[in-house]
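Line by line, the protein sequences give chains V, L and D. According to our numbering, the first sequence is numbered sequentially starting from 1. According to our numbering, the second sequence is numbered sequentially starting from 1001. According to our numbering, the third sequence is numbered sequentially starting from 2001.
No wet-lab data here; the hints were simulated from the structure. We put the CB at the ideal spot given by N, CA and C, even for glycine. Each hint should be verified, as a subset may be incorrect.
Unchecked claim - Chain D residues, not near chain L, derived (Cβ > 12 Å throughout):
#	residue
1	2065
2	2161
3	2162
4	2181
5	2182
6	2184
7	2227
8	2260
To be verified - For lysine to any residue, the following SDA-like pairs were computed, each having C-alpha atoms within a straight-line distance of at most 20 Å:
#	chain 1	residue 1	chain 2	residue 2
9	V	133	D	2131
10	V	342	L	1007
11	V	133	D	2283
12	L	1167	L	1222
13	V	133	D	2291
14	L	1266	D	2131
15	V	133	D	2295
To be verified - Output of the computed footprint for chain L on chain D, the stretches with three or more beta carbons under 8 Å from beta carbons of chain L:
#	region
16	2116 to 2125
17	2210 to 2223
18	2274 to 2288
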Amino acid sequence: MDRAKKNHLIRIFVAIAVVYLAVLVLEFTLRPTSILFTVLRKGAIYSLVAVSMNLLNGFTGLFSLGQAGFMLLGAYTYAIFTMPVSVKESERVYRYYECIVGFDTGSFVGLIAAGLVAAFFAFLIGLPVLRLKSDYLAIATLGFAEIIRAIFQWDVLGPLTNGANLLREYKDLSRITLPFTDIPFPPTLFVFIVAGVCILLIVLLINSSFGRAFKAIRDDETAAEAMGINLFKHKELSFVISSFFAGVSGALLAAFQYTVQAQQFESMMTYEILLIVVIGGIGSISGSCIASFLYIALSEWWLRGLDMGKFLGISAPDLFRSGFRRLVFSVIIMVIVLFFSKGIMGDKELSFERMKAFVKRAGRKKKETAK
Amino acid sequence: MKKRLLFVLMLLLTAALLFAGGSGESDSNVVKIGVFEPASGDNGAGGKQETLGIQYANYLTPTVTIGDTEYPVELVLADNESSNDRAATAAATLVNADVSVVLGSYGSGVSIAGSDTFRIAGVPAIGITCTNPQVTEGNTHYFRICYLDPFQGTVLANYAYNTLGAKKVYCLAKLGDDYSGGLVNYFIERFEELGGEVVSETFPDGNSDFTSYIANAKNSGCEVFFSPVSTEAAQLIINQAQSQNLGMPILAGDTWDSNVILQAAKGTSVDITVTTFYPEGADPEFDEGFKEWVNADATRLANNGGDDTVAAVTAMGFDAYNFALQAISNAGSTDPGDVMEAIWDTETDGVTGHIALDDVNGDAIRNTVYVKHANTETGGWDALPAVVVD
Amino acid sequence: MAEFFHQNLSYFLSGISVGGQYALIAIGYTMVYGILRLINFAHGDVFMCAGLIMVYLSASLPFVISVPLVLVFTVALGFIIERVAYRPLRSAPRMSVMISAIGVSYLLQNAALYFTGGLAKVYPALPWLSDSVVIFGASTRMVTIVTPFLTVVLVILLTLLIKHTKIGMAMRAVSRDFETSQLMGIRINRVISITFMIGSLLAAVASLLYFTNYASVTPTSGSMPGLKAFVAAVFGGIGSIPGAVIGAFIIGICENIIKGGASIFGIPGSGWTTFSDAFTFAFLIVILVVKPTGLFGEKSVDKV
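Let's have the full structure, built from the sequences with the hints guiding it.
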């Protein structure tokens, strides 16, 4: 390994360590319900799912719109696995059904199971639909997400899914503990660690020979096939892996929200993630992460005042009433989409050299150097 | 052009960031009460009416006495958008605004979804019209001042079986909605116990075609159409029941006690009976004062659905505010933890009756359900005899 | 048999009528896709906006004026959306245009949310159309009967327009080969604008019919009909107008049969209604897997 590369790696690790340390410090200084934590947690969760979608759309060239469905699978698996048996037996959650799941697991097993269940369904769904091309693939995956949503709301599956009702009291962020102890895990740090490890795995995959095969398929299917790449096998692999991480992010989302319900995983959610991917730049992992933090911060935090009657110190309750935040937000999104159609990063990655050029913006992007 | 646009965007974001950071300043001389209600979505209409009740109470009693000092009360509103996944964020907004106690929400699902945020922050919440048992069950921070669904469901089932004489009832709930699903469930339990028969169906979110459900009710030989859903769906059901000539009485719970329903039913031949918390006219002084206050402002009038009908949820909101003030006053402190302790033993006399909480889950001890029938000629409610259960 | 027919007629009636309404929306999707290869996600929301425009206009104007105005405003809305959100991206990658469509959809919904205050708006009862009628013993609205006929008439007119007029010929040329037709002197932007305007006009007509039947407008009431109409367009072979219409009728009828499953097939109805929306997609996926370009779609050939 040459010197420059080694230095580069060291710098990356230092940057990552700084970010995690900063999160830990915040965790002990700010109060637990601070809106900053909402932004950091949700931002990290959306980063993960955006990166997983980017793996499909940006790196393999498969236009899939099934992300919300796989998140749903992950969220439900996690909730059902980690809900304590005592809760399952009580009437607090499964009120109209007898829960048939007679075990519970820790949050780590729950996360892995969430990913595996999503990946397994992705494998099955992929068999027929991955033969479809571009828009048709998008529509078919979107359709599958809707079907999954309907199945999870079905009465007959009630003993498993609690029908269409809320699931709660599983291992959400307030109930996750350090392994083998009762000490609560710092919640934001937990989300950052899981999301960070998953994104790291995706980065490693993209830089491996599989990743190069994915990119070859994206650039030209026919040429890739001529080079001896098994198209279907690689597409299926990319689809399954992407869904695995979407499942994990769904599990994190469930943990973050404290409650989960199939209803919320509608197609609008997939569109939102797609927006994030495109705003960040298709084919850029750091772009996806930056975009998701910006997206969440903007919609949940910075523009909040627009709904509450007071914004930028201006008080105008008649103008700044409920709904105005989302109106302004969608206008901003439109402006970005129309005038910066390449996204924040294009298909480049964030690096120290580029950061120097953008010193002005560097402050806010620091949290993203985790690549 | 692009550069300039980018610059403007950046400037806006930075400014927003700066001001967002500064919005958390707290004034220790003000008592803050959080209003956790939907202003949009399925339950937006009801949420707005409930909020109006709270605001009217705040207008009448804008201060609270703690010890010897009188503090002004400030309401902090957060819109939970009738959506379970947005409820947690709205709840966090309230908690961050340093409220002493939270009121709401209309709709049981959002209350359950927001509950954990309040639990972690140690802020007590008082449910006003969320009737699902799961809201308060197994926790010590969520209270409520209304009756519960098992009670309401039993009363409705008795009413359908005994008063309307129905042997077979069609039940329609919204998929994944804790309120309608729960109420239908308790209704069925009781109705089958009485020896009746039930056909039960659900409709998915976003559905606006109820013609097939109405046809199902007719074809299966049912005698009563029980559908305690949100007012948004109710409008459509009434409308389509009229055009398809449903031909059986419609029975519903407290959500239907709304002028939205009256407006939809006016001039039709649909027969609607609802159970509710408060009949207009029970407390003339409150009714008149509220009407005057609503009519004084166009926004209030619009939020009340365009006329000055007094909804039961408005009266409940009014009582909830006064109940919360009493609790704060009893606690002798604005600290959420102290208020939570004090709520258990707080009692008030409100316009909807005497309010006291049991010491198991913190639910109100209530034994009266009011029954109303929609008058399709005048567009008002006719009060039927109230049901008192001992 | 007679009794069976009598009992279940109302399902078929509402199926046919909702199918006709989906068909009118689906044409907008399929025409735009045929020319631009763009899934116009905002189309369902244009339909919703037409409903809202009608609510606001009819509050102060008589129907004779407000109905034509709704058509005009919706057409203008379609024109403006194309002009502002899609035309600047003509040379950008297809993904960007689609994202822009999602953005417009988001914007329209949020604008509607803000201006309505998040509450359902009651759609005015149009005279004659919203009258109750009894047909073979099933009572329904006039609009239910009118919809399929009106749909067929509009589709025939549209087909004539495409087959026999100059602009129709230009449309066919553009959808066949975008770049060559540009070289042949066809004013592409004009053709695209007109396509969007026709789509919006039909969506406005559909909104008049749909909301007369289901009389409340919310910011999201466009998304489900939009999605179903879109599925119908894909089902029939996207780009094909007759395909979209047939697909829409099939979906509308099937959806109502499922909702009425308990009564039609005599099976216990528990839970099946949950699948009335999902069924549409399941059906679609089966079709796509068996015949990837839909019922009447043209087979696309990859050029190496």
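Open item on the list: Of the numbered hints stated earlier in the document, which are not met by this structure?
Closed with: 7, 8, 9
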